[in-house]
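*Asks:* Protein chains in written order, with our numbering: chain A, 1 to 245; chain B, 1 to 314.
These aren't lab readings, by the way, just hints derived from the structure by calculation.
Computed from a predicted model, the values in this text were never measured in an experiment.
Careful, some of the hints might be misleading.
From chain A, some residues computed to sit far from chain B (all C-beta separations above 10 Å) [unchecked claim]:
#	residue
1	V5
2	L12
3	A82
4	A166
5	L197
6	Y238
7	G243
In silico contact screen, one side only, chain B against chain A (beta carbon under 8 Å); selected entries [as the list claims (entries may be wrong)]:
#	residue
8	L55
9	L58
10	A59
11	P60
12	D61
13	V76
14	D78
15	T87
16	G88
17	A89
18	L94
19	M102
Computed spacing ranges between beta-carbons, pair by pair [to be verified]:
#	chain 1	residue 1	chain 2	residue 2	range
20	B	E124	A	R16	20 to 26 Å
21	B	E115	A	R18	54 to 60 Å
22	A	D241	B	D164	33 to 39 Å
23	A	L23	B	A180	35 to 41 Å
24	B	S2	A	K218	21 to 27 Å
25	A	Y196	B	S2	40 to 46 Å
26	A	L23	B	D164	47 to 53 Å
27	B	D164	A	A94	52 to 58 Å
Built from N, CA and C at the ideal position, the CB exists for glycine as well.
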Amino acid sequence: MSPLVYTRFELLRTVRNRRFFILSFGFPLVIYVLVAGSVKHVHDLDHTGLSGPLYFMIGWASFGTMNAMVACGARIAAERQAGWTRQLRISPLAPRAYFVTKVGTSYMMALITLVVLYLAGASFGVSLRAGGWLGMTGLILVGLIPFAALGVMLGHLFTPDSIGPAMGGGVALLGLLGGTFFPLTGHGFLPELAQYLPSRWLVQASRVGVGGHGWPAKGWIVIAAWTLLLSLAAIRAYRRDTGRV
Amino acid sequence: MSERIELRGLQKSFRGPQGPIRAVRGVDVDVAAGETVALLGPNGAGKSTTIDMLLGLLAPDAGSVSVFGRTPAAAVADGAIGAMLQTGALIRDLSVRELVEMMASLYPSPLAVREVLALTGIDEIAAQRTQKLSGGQTQRVRFALALVSNPELLVLDEPTVAMDVEARRDFWTTMREFAARGKTILFATHYLEEADAYADRAVLMAHGRVVADGPTTEIKAMVGSRTIRATLPDVESEKLSALPGVSGVQRRGEAVVLSCTDSDAAIRALLAAHPQARDIEIAAAGLEQAFLELTAEDPSGEAEAEAAARAFGR
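Make the full structure from the sequences, and use the hints.
*Replies:* Put into structure tokens, the structure is as follows:
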């Protein structure tokens, strides 16, 4: 009697779902290769202090991993519609264990995406010390926590046929405003707004790679606040959905 | 620890377009350990809502549920309940065997996976992916998922609806084997024959209430043992119900169906008073007749009897 077997089969299911599995990291990889190829020789992209291939490696890693995390919502929505969630609710598997499994699966996909993009980055000449790679990866994994909560929340608010636009649009918007696709420079409303978005701090994780500091206090606070907010919203959505008080 | 399942004063309403729908309006049911009980009633009687509350999937507006002395949530957490819900698909990208193993892993004392595959007749499709199964095969796998948990209480909500005749027979054979292990079984059905053939006891529900509760034989005895059916136009129902030995009258076009407490007395009196009666049939009343009788006693019973008749395809 252990959720470990359940988790093992859940991972197996994810890998067997070929289209989902390959598109999850294939899509960011292809775009990265196209974008990074065009800025291969830029050493200081838009005064960010980062080389083109490094900046976009993290930009597209952010986009890919955000998607991987939020994708757990699609799987939850599908299992709700199939009635599988109800079947699990009359089993001893605790809801918490179910979500841990779902989020764990998302983290597996996120890690695969990171490794694939790191390899692509390395092929474009991104070279960092071991500490740089690790520090950057650590920050990204922490920065993804609010997106896991976002996925769980969306999974309980939307049906399988409406969650696609919600996820795609939401992640694209957060990515755009967070500087995933191109650097947000200068002053003004958008760069100011970006300071308060979790996606922006994912992209910022790349600074550790070049020996810069990780997040300032503001980054940690923004990530913590979004985690708290989205977790509460996810719990609320779950309770409303299942009629539990 | 109580050895019973107790539903006390259960009530549940849902919001509907024309105000609240009172799906369950005060249900009291006791089930002893080891009993097989049928929850019988037409569609919309409140069976599924009652089952959802028994399983802890729905919180009752009023009343309480106790499963062997525990709340439904505690019983579920202990793995004491296994259920086959009315609707539900399987998750994809696993083989049938893997899915059954996955479910078994969640329970404290599951049955052997191989045994369950054999019991439910799915060992031949054990290697197939769940998304490639037919509807009937899916039902068998869902039954296997309920059985593998080896629960104290097995709950089945209209389990045979999507099954063909052969699958249905296999299903009940398996369920009997499981009941013989001393397990408690509660199943919902609107097939009267199923309740009659496979339950120790039937709880009849209509319009959110329990209208009768007892051994199926007792329920039949309660409402007269036989019916007389005859073609007899132009005779008022009141005159017929006044005949000796008649407890109830139903009109179906030109035909009448008399429920009888004493069919011998009734047939003599009927022919004496109305010699034009023809096409006469005397039959033992099924549970279906009992059901119509019982729901007809209620003040709002006529509508319920009609609903019941519709549900039974009359």
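*Asks:* Now tell me, hint by hint, if it's right for this structure.
*Replies:* A quick look at each hint next to the structure:
no.: 1; hint: V5; in the structure: 3 Å, violated
no.: 2; hint: L12; in the structure: 7 Å, violated
no.: 3; hint: A82; in the structure: 4 Å, violated
no.: 4; hint: A166; in the structure: 22 Å, holds
no.: 5; hint: L197; in the structure: 34 Å, holds
no.: 6; hint: Y238; in the structure: 14 Å, holds
no.: 7; hint: G243; in the structure: 6 Å, violated
no.: 8; hint: L55; in the structure: 5 Å, holds
no.: 9; hint: L58; in the structure: 6 Å, holds
no.: 10; hint: A59; in the structure: 6 Å, holds
no.: 11; hint: P60; in the structure: 11 Å, violated
no.: 12; hint: D61; in the structure: 11 Å, violated
no.: 13; hint: V76; in the structure: 5 Å, holds
no.: 14; hint: D78; in the structure: 7 Å, holds
no.: 15; hint: T87; in the structure: 5 Å, holds
no.: 16; hint: G88; in the structure: 3 Å, holds
no.: 17; hint: A89; in the structure: 4 Å, holds
no.: 18; hint: L94; in the structure: 6 Å, holds
no.: 19; hint: M102; in the structure: 4 Å, holds
no.: 20; hint: B/E124 with A/R16: 20 to 26 Å; in the structure: 22 Å, holds
no.: 21; hint: B/E115 with A/R18: 54 to 60 Å; in the structure: 33 Å, violated
no.: 22; hint: A/D241 with B/D164: 33 to 39 Å; in the structure: 35 Å, holds
no.: 23; hint: A/L23 with B/A180: 35 to 41 Å; in the structure: 51 Å, violated
no.: 24; hint: B/S2 with A/K218: 21 to 27 Å; in the structure: 57 Å, violated
no.: 25; hint: A/Y196 with B/S2: 40 to 46 Å; in the structure: 55 Å, violated
no.: 26; hint: A/L23 with B/D164: 47 to 53 Å; in the structure: 39 Å, violated
no.: 27; hint: B/D164 with A/A94: 52 to 58 Å; in the structure: 38 Å, violated
Checked against the numbered hints above, the structure breaks hints 1, 2, 3, 7, 11, 12, 21, 23, 24, 25, 26, 27 and satisfies the rest.
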